[in-house]
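Engineer: According to this note's numbering, the sequence shown is numbered sequentially starting from 50.
Derived by calculation from the structure, the hints in this document are not laboratory data.
Possibly wrong hints are sitting among the right ones.
Cβ pair distances, simulated, as ranges [to be verified]:
id: 1; residue 1: K165; residue 2: D205; range: 21 to 27 Å
id: 2; residue 1: E51; residue 2: E111; range: 50 to 56 Å
id: 3; residue 1: K228; residue 2: R189; range: 57 to 63 Å
id: 4; residue 1: K100; residue 2: F199; range: 31 to 37 Å
id: 5; residue 1: S98; residue 2: R213; range: 30 to 36 Å
id: 6; residue 1: I60; residue 2: L210; range: 32 to 38 Å
id: 7; residue 1: K165; residue 2: R121; range: 52 to 58 Å
id: 8; residue 1: R148; residue 2: R212; range: 16 to 22 Å
id: 9; residue 1: D216; residue 2: R189; range: 46 to 52 Å
id: 10; residue 1: R213; residue 2: E105; range: 31 to 37 Å
id: 11; residue 1: F69; residue 2: T223; range: 42 to 48 Å
id: 12; residue 1: S61; residue 2: E115; range: 37 to 43 Å
id: 13; residue 1: S98; residue 2: I207; range: 36 to 42 Å
We treat Cβ as the ideally placed atom computed from N, Cα and C, and that holds for glycine.
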Amino acid sequence: MEIVREAAEGISTSVLAERFGVSVRAIQYTLKADAERQTDAAIPVLAVSVKVTAVELAALDEVLAEAGIESRAEGLRRLIQAAGGVFVPDAQMAAEMARYRASLHEVGNGVAQIAKQMTRANRMGQGAVGGTSAEFTELRLAQMRGLARFILDSADEIDLLLRRRRDAMQLQATATLRKFAHAAE
């Protein structure tokens, strides 16, 4: 959090990278992850009020019950989010994915730093224990590349999972909106 605080005070990413001994990109990822965390943890603060007839309210309650939505507020929140293209399916899943995404960023940054240090050590002839001039083996470098590939594949799988979930929930919200439209006729 010190990086985020200092960046907010106007300290440049290059100065922060040098101070903390990491790459500029690692600082940028840290700041981006914090911004995403703040967005994911957004707390609703505005209220919407609407007057409806008793029949309309009964139709709303019926649709919400069929969808397994426990409150009118949650049902309306989902409809508003779906209509705006921002659809956040449920707060618990969003929070879990945000934590997983942050962890994945940390691991990815760690792998990048390790690979950078391995390359630097090879260039300087310090790859082996005891100060001999042996380099890191191709096997070790291949393992690092494999780990990086695994992390990237995991991120792709998470993205695909979220896209499928969002698309399915948008279809469900669209169907619900259609029910409301037909109920008005």
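Engineer: In ascending order, which of the hints set out earlier in this document are inconsistent with the structure?
Structural biologist: 4, 9 and 12
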